[in-house]
Each structure stands twice: as structure tokens, then as C-alpha cells.
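S.K.: One-letter residues, chain by chain:
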Amino acid sequence: MAERWRSAVWPLAAWASMLGALAGVQAGFGGRSLPVLLQTGAAVLCGLIALAIALLTRIERRHFERGRPITELSLPTALAGVSLASVLNGTTVGSWLIIGGVLGLALSLSLLWRGRRAIRGRRGPDSVEAGR
Amino acid sequence: MSTATPVAPRPFDLLGAVAGTDHKSIARRVAVVSFGFFVLGGILALVMRAQLASPNARLVSTNTYDELFTMHGSTMIYLFVVPMALALGVYLVPLQVGASEVAAPRIALLGFWLFVSGGLTMYTGFLTTNGPGKAGWTAFDPLSDSPHAPGIGMDFWIFGVMLATLGCLLLGATILATIVAHRAPGMTMLRLAPFTWTMLVTCLMVLVAFPVLVVALGLLWVQRYFGGVFSTAGGPVAFQNLFWFYGHPVVYVMFFPFVGAVAEVVSVHSGRRFFGYKPFAISLLAFTALSTSVWAHHMFTTGQVANRYFALTSTALAVPGGIEYFDMIATLWGGSIRMRTAMLFALGFLVQFLVGGLTGIFLASPPLDYDVHATYFVVGHFHYTLLAGSLFGFFAGVYHWYPKFTGVLLSERIGRVHFVVMAIGANLTFFPQLILGYDGMRRRIANYPASNGWQTLNAISTVGSFVIAASVLVFLINVAVSRRAARPAGPDPWGGHTLEWATTSPPPRHNFATLPPIHSYAPLLDAREAVERDG
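In order, the protein sequences belong to chains A and B.
Letter by letter, the first sequence follows residues 1 to 132 in the working numbering.
Letter by letter, the second sequence follows residues 1001 to 1535 in the working numbering.
No wet-lab data here; the hints were simulated from the structure.
Fair warning: this is a prediction, and the values are worked out from it, not measured in the lab.
Please note that a few of the clues may not be correct.
[What the hints assert, rightly or not] Residues from chain A that face chain B, not an exhaustive set, calculated with beta carbons under 7 Å:
id, residue
1, L38
2, A85
3, V87
[To be verified] Okay, the calculated bits of chain B under chain A, using three or more residues with CB under 8 Å as the criterion:
id, segment
4, 1102-1110
5, 1179-1190
Just so you know, even glycine gets a beta-carbon here, dropped at the ideal spot from N, CA and C.
Work out the full structure: start from the sequences and follow the hints.
M.R.: Printed below as a string of C-alpha cells:
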């Protein structure tokens, strides 16, 4: 598993380096601060993702050795998506929609939390992905 | 003709359709909803083309026309091509890397619901007093500011795009995490299928570019209600920088997955291993880095960006693009080419995207861009890349993988009709637009005077757009006929190379019972070659 993760780092690191180099070239061509900053930010973000992948190797190995519990249906997740949209639209439509959205979000998060605890307590996820 | 028993249709599962976390089910739902938006966006385009068929037409008002082109562009980009490209990835990437599930199924499900909510929010604008967004799919400030785009329809547009983009960001993140962390034993990065490689680079761009759009639109909303964000000197150019930092990479988000689809189609349907696999993978990385470095070629005429740098990077795109073309043509060379519908669409993609790419070279050059900026030349160019290019790549993928998705084969005969009608329609519609733009016809105009002599070319373009609509109808007929006939496809109807063909069609819940040994990007081809070698 560790090898699998490490091998995924190089394309991201290569891409981050290319972006960083191109940001340098842009600065050399007299690029203004915002465009150079945007491109440098992209390079840094991608570099950080590559670094995170490299550092997370150990955690993922444990995860896989256990086998991963998978939830077959997740109504709270669907509710969370719609609730987020309600909160956002509520800023224009009216506070009633924001309140409805916040309540929906609270409900969905509490249900997701309960589901997570149930899985941790081995009270039976819907299915388990085989560990490799 | 096949005499096999027809495949029984699966019963509709409402709860699964709302909350199911199987990556295949999520991908199907994203695909169906985004195809629905494609039809809606297409209808808007037909109304626009009907308006432009003759000079001084009065089919719709100028205000309505603004709404139509805004919603058409927004629908096609935010609600159709991007989510459809990601839907292909959500379905196929776990299968191609040998995973039993996508990395974070609930995040993918959340992405689906944010995307659906975004689309519905955007279209809610039609129900408001002032209508939906009307500042173009780019929503440049000050056009999108409250004095120029009053009413909550524009707000709905902003929120709709934010939600859809967030949804797509989550879908992209799950695909990337699947590639990074859920590859089967033996599946190294240089054994990924070509399509998975294209999804990897696509998701990298999604990850760095999409959050910038969400932030830019959030700032735009603040500007509309409180001001002070983009109303300062240089504010509108700052918004353009933020927008195009998303807006150009997204062009490649709408391109790379279909390059991957075409690469697989070309390889499988010519019975050859993909030529130049490693250069293809490396060129994709270079292509993606350059793609994230060309955005300001949309802003040459502002005089506020480093034109020489962005001209250089935009022109340099021809190099990795050329490598990919070379690889695909070299794969065809000497292969036993089977002219199935998927291959026809793949070849259509290669030829027509080339027109889009070559016209793009004009636009990458500041002196030429100053001449044709904001004309129908630009409209023709990006429709050659998006419709005549990506959509053909999409249909190549659909005809190739439909048997895997559904377990049944599409009709080849109707598929060929679909290809011919769509190819005629695409070229009838968009080639005249290149000439019109060169002749000076501005984009986003609802009318033009008869004295300009643009009527004939506009009429041809309008006829072409209805031919495209007819071709989509032919495709839908094909789906309906094939569903009815339900000819079973079997696990591997084409002699596929990659892992998705090693399982049943459609695949079971956790994708694979067993996996073949993986020694290259094409484990199934390896196995067949080993059998032939060993007699």
C-alpha cells in the first residue's frame, strides 16, 4: 500500500514543479501580481497535496488492512446537499429558507455522526469492502 | 443477428436513486441529469439560432436573447459537459484501477446533490420577475453588477453556478483520491489506463481551478449587494483574472476525459496496444501545466496582462497536443480497424477538434486576437472544440462503454445514422460562424442589419443547429430501441484491453470477483497475447 501511495506522488510533484516553473517564467515576462500569485498558488496547492499523500501513507495502510465499511444508502448526505443549497439560496430568498437549511444540515450531520458511531461500534455497516 | 436471451430491465429503485452510494449508480444519475440539462441548453440554442436566421428578426427581445445565450452557455458548461466528463470518471476510474468502490462514496453523493441543486437553482431564475442571469456564462463585472443585472435571477445564477461547481469539485476530488489510494495491487501509475490518466490530470485542474471560481462568484455576490469589491480601479480585470483562472482550465476539463475515451476507442477498435503510452502520460502532465498557464489569452485586449507570456504558453499547447494526436494516429496505423460507431465518433473527434485547435492558434496570437476578439470566429472556434470535438469524444465513449454500463448493445445501424447526421449538423452550424466572425459579426448580438450580407451564412448555421438537434433525437431513439431489443453485450463485446472489461456488464456492486494479473495498462490484452503466444 505504501508503495502504491508513494508512486502516486510523482505525477503531482511533477505537475506542481511545472506550474511553479511556469509561474517563474510569467514573473520573468513582467506578469502582474494577481496572475503570478494565482499560478504560484496553484503550484503550492498541488505541492501540498503531493506532500499530504506522501505523509498519509501509514494511515491509509491501517485503513486498508482493516477493510473499509461502506454505507449502501445515505439519506443524510442527500439531505446535506439540498440543505446547503437552501442556506445559500436563503440569503436571497428569505430567512425562512436559511432556517430550514440550517435545520436540515443539523439533522443530516447528526444522522451522519450516529451512523459513524454505529460503524465504529461494529453494529453493522451495510457492507464491507474487502481489505487487500 | 444475436439470438441470445434479452436482458431483463432492472426495476427502478427510488431510494437508491436518491441516496445510493454505489459509484456506478451516482455516475448514472449525474449522467442522466446532465444529459437532461444538455437537452434544455440545446433548446435554448435553437431559439437563438432561429432568431439569427434572418436579419432584423423579432422572435425574441434583446433582453430575452441575453438570457438565452447566458443560460445556454452556462447550462452546457456548468451543467452538462463538466459533470458529464466527471460522471464518466466516477463510473470508470474505480473499474479501471481495480477498486471495489470510489474513494469517498458519500462525498461523491454530496457532489451529485450539490450539482442537481445548482442546476435547479440556476433555472429557478426563469420564474423571477427580471428573468435568469443575463451577463453571459462569464458574468463579467460590471455587466453582472446589480445596476446592470438587477433582480434575484442573477443571484440564483451565481448560487447555481457555485453549487454546481462545488458539486463537480467534490466529484473530481473523489476520482483523484480513488486513483491515488485505491489502485489494485500491481496497478502502478504507469499502468493506469489512458482514460484514467486523462481523469487524473483533469481532477488536478478541477482541484486548483474550481475553488477560484467559487471564491470569485462569492465576491461577485458581495459586490452586487455591498459594493467595494470589483468597483475599484482594476476591479473588473481582477474578476476576469479570477474567472479565467477557472474558465480556461475548465476547457481542458471538458477535453481531456474525451481524449482519454477516444484513446481507448482507437486502441480497442483497431486491435492494437496504445502507441506511445509513456509519452502520452508525460505529455498529459505538461499539457495540464500549460493549460493552467494560458487563461489570460482571453484578456489580451485588456492590455492588463503579460501578453507575450500568455501567447507563448498558448502556442506551446500545440506540442503536447501534437504528441497526443501522434500517439492516436500511430495506434491506428497498421491496426485492424473496425469501423464501429464508437470508432466513427473517435475519428470525427480527431478531425473536428483539429479545426478547433487550429483556429485556437489564431486566438493565441495577440495581433490576430485583437482582430477577431468577441466575434463569431471565437464562437465557431470553441464550438468546434466543445461540440464538434468533446461531444464527439463523448459519444465515442458512450458507444464504447454503453454495453458495460447497461449490459446491452446499442444498434450499430442507428448509431451510424447518428454519427452522419451529427457530423453534417456540426459542420453546417459552426463552419459558417468562423467566416461570419472573420467578416466582423460580433458575438452576443440579437440582430444584424440585412446590409451586412450575413443572412445566407446565418441561415446555413441555423439549419445546421436543427440538424444537430435531429441527431440527438436519433441517439435517443437508439437508446429506446436498444433498451427494447435488450441484446446482451456480455462482459467484453469489443475485446477490451483494460480492467473494466474483466467484470460483468453491468458490473456487480463491488465490481470484481477476481482480478487478472496486472503487468501493464492493458491486462486483458496481455492475457490474450499470452494465450496466443503459448498456443
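S.K.: Each hint needs a verdict: does it hold in this structure or not?
M.R.: For each hint, the structure was consulted:
Because the closest C-beta pair between L38 (chain A) and chain B is about 5 Å apart, less than 7 Å, the hint holds. At about 3 Å, the closest approach between the beta carbon of A85 (chain A) and any beta carbon in chain B falls short of 7 Å, and the interface hint on this residue holds. For V87 (chain A), the interface hint is violated, since its Cβ never comes within 7 Å of a Cβ in chain B; the closest pair sits about 10 Å apart. Using a Cβ-Cβ cut-off of 8 Å, 4 residues of the segment 1102-1110 of chain B lie near chain A, which meets the minimum of three, so the contact claim holds.
Counting residues of the segment 1179-1190 of chain B whose beta carbon lies closer than 8 Å to any beta carbon of chain A gives 9, which meets the minimum of three for the stated coverage.
Of the numbered hints given earlier, the model fails hint 3 alone.
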